[in-house]
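> Given next are the chains, with one letter for each unit.
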Amino acid sequence: MDNNHQNPAGGSRRDFLKKSTAVAALASLTPALVKAGENDEKIAAYFEKVPLEIELNGKKLKLEVEPRVTLLDLLREHLGLTGTKKGCDHGQCGCCTVHVDGKRVNSCLSLAVMNHGKKITTIEGLADGDTLHPMQAAFLKHDGFQCGYCTPGQIMSAICCVREGHANTPQEIREYMSGNICRCGAYPNIIDAIVEAKNGGQVS
Amino acid sequence: MINFEYTRTFSAKAAIDALAKNKSAQFIAGGTNLVDLMKKGVMAPQRLIDINGLPLKDIKADATGITIGALVPNSTAAENAAIKTNYPLLAMAINAGASAQLRNMATVGGNMMQRTRCPYFYDTTMPCNKRNPGSGCGAKNGYNRMHAIFGTSESCIAVHPSDMCVAMAALNATVLVSGKKGNRKIVFTDFHRLPSTTPHIETNLQAGELITGVHIPKNNFNKSYYLKIRDRLSYAFALVSVAVGLEIKDEKVIKASLAMGGVAHKPWRLPAVEKFLVGKKITPEIIEQAAELGLQNAVTVEHNAYKVKLGKAAIKEAITKAIA
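So the protein lines, in turn, are chains A and B. With the first letter of the first sequence counted as 1, position 103 gets the number 103 in our numbering; the numbers rise by one all the way through. With the first letter of the second sequence counted as 1, position 11 gets the number 11 in our numbering; the numbers rise by one all the way through.
If we strip away everything but chain A, and leave its shape as in the complex, we get (with noise of 0.2 Å):
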């Protein structure tokens, strides 16, 4: 799944830049060139990737990444899906909701090495075959948006909302739904999809 981030060449960059280092100071072993092969060990061991478990929507994977990669970009950029969207990046909009191990989070402040061992679901986890999850159904039904941007991570946030047991009235659902805005301005026919897709007792 990783193979587009590994180094073309095959060997690290990490044992690249080692054996650079090495045939130089074969070459002379002078005190500054010692003191750069250190600097190339720390240089090296930025770019290190770590390894990394998670089951994503089902699915066991072993990865290896980088440690600034978010999660938000190991499913968009490295694993290719793109359901969940960035809209901030900065924690602020909740475009980037996802749920690991069955809470919602902002993707885009977890770094992905973070996740190690959990469980992660995206909005394309959601559906079963072509039977949509309910509350999938439930924004379709009251059109619980207009551009759609914000849609995947109001879904997956809502979801959760019914779920800790924090949508018993419209009031709350606004007060537990607030970290997605949603700049369409759908609002109301979101909070009627959470209200019918909570009363309709099959969101877990």
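Calculated directly from the structure, the hints in this document are not laboratory data. We treat Cβ as the ideally placed atom computed from N, Cα and C, and that holds for glycine. Be aware that a few hints might be false.
To be verified - Per label pair, the in silico range of CB-to-CB distance:
#1 G102/A <-> T85/B: 20 to 28 Å
#2 P119/B <-> G58/A: 39 to 47 Å
#3 D62/B <-> R163/A: 28 to 36 Å
#4 R145/B <-> E48/A: 43 to 51 Å
#5 P284/B <-> G165/A: 36 to 44 Å
#6 G58/A <-> G182/B: 42 to 50 Å
#7 G58/A <-> G134/B: 49 to 57 Å
#8 G53/B <-> E77/A: 22 to 30 Å
Unchecked claim - Cut-off 25 Å, straight-line C-alpha distance, at most; resulting in silico cross-link-like pairs (BS3-like, lysine-lysine):
#9 K39/B <-> K86/A
#10 K312/B <-> K252/B
#11 K49/A <-> K40/B
#12 K39/B <-> K49/A
#13 K39/B <-> K118/A
#14 K84/B <-> K103/A
To be verified - Every beta carbon over 10 Å from chain B, so not counted as near; a handful from chain A, in silico:
#15 K59
#16 K62
#17 H78
#18 D128
#19 H142
#20 G201
#21 V203
Since the structure of chain A is provided, determine the placement of chain B on it from the hints.
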């Protein structure tokens, strides 16, 4: 984001040792603030030490009070039955902060360590004594409607952004800390510092120390409330907030504890108001006087004078709601 080294740790000792080895290392727990700051280039640690594997996730109630592990997510603390029943002020304050998603990620220890949201701290093209000591304060003569009215200095007028910490201060909590030299406790109101001439040093944690938890002593507050005033109804930082805990018996105040958020570099206790309220029956006149006392030493800058009026109104509303 500038790349960095990453280590997972599973014990307090391993985490503290790893931190001691690298001066540019940082612990990461929920990451909701640190990852954001790293994306913006405000912080650039050489190594991140992931402490999420540490066994600091329990909430334990005993005869002395309740101990909340540093890695307990904010949402878990706010939904905990013992906390909701015996420390409702804390649950209210936590639920007033951030969004449901962020509360699932953010930890109790991380909440305490979060940095100010002063826009001049976040904007790396602007001067900021907190981000770059000696560079000056962009906020002092800049756009400063969000800024502090208590305990400011020439160097910094930023506020601490937490809601949870305001409740912790009012509840007389103690921070539990572990380091190379062993364990120690820090009174919550001594944990965060005022900016003085060193706004970049925000807490009294020593180098290499790890927060392991927070202890809240038992109290007899039978009336409490957390009021947060912000620019929108939800999911925004406080303009001002007020935490109130009152022990009232036979209509008289036996004990009072009040703290404000959004007004200082740390949760701001109101000892003069507390002293004033003790022994009194709460009437509209007493509430009025309490509010005046609470804001009497406020010092404002160009755009935040409204916080004095708003702060008084917030104290009145919070006490009124608490006793309702």
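> Determine for every hint whether it applies to the structure shown.
Each hint tested on the structure:
no.: 1; hint: G102/A <-> T85/B: 20 to 28 Å; verdict: 25 Å, holds
no.: 2; hint: P119/B <-> G58/A: 39 to 47 Å; verdict: 42 Å, holds
no.: 3; hint: D62/B <-> R163/A: 28 to 36 Å; verdict: 31 Å, holds
no.: 4; hint: R145/B <-> E48/A: 43 to 51 Å; verdict: 45 Å, holds
no.: 5; hint: P284/B <-> G165/A: 36 to 44 Å; verdict: 37 Å, holds
no.: 6; hint: G58/A <-> G182/B: 42 to 50 Å; verdict: 46 Å, holds
no.: 7; hint: G58/A <-> G134/B: 49 to 57 Å; verdict: 54 Å, holds
no.: 8; hint: G53/B <-> E77/A: 22 to 30 Å; verdict: 27 Å, holds
no.: 9; hint: K39/B <-> K86/A; verdict: 14 Å, holds
no.: 10; hint: K312/B <-> K252/B; verdict: 22 Å, holds
no.: 11; hint: K49/A <-> K40/B; verdict: 22 Å, holds
no.: 12; hint: K39/B <-> K49/A; verdict: 19 Å, holds
no.: 13; hint: K39/B <-> K118/A; verdict: 24 Å, holds
no.: 14; hint: K84/B <-> K103/A; verdict: 20 Å, holds
no.: 15; hint: K59; verdict: 23 Å, holds
no.: 16; hint: K62; verdict: 16 Å, holds
no.: 17; hint: H78; verdict: 15 Å, holds
no.: 18; hint: D128; verdict: 25 Å, holds
no.: 19; hint: H142; verdict: 21 Å, holds
no.: 20; hint: G201; verdict: 21 Å, holds
no.: 21; hint: V203; verdict: 15 Å, holds
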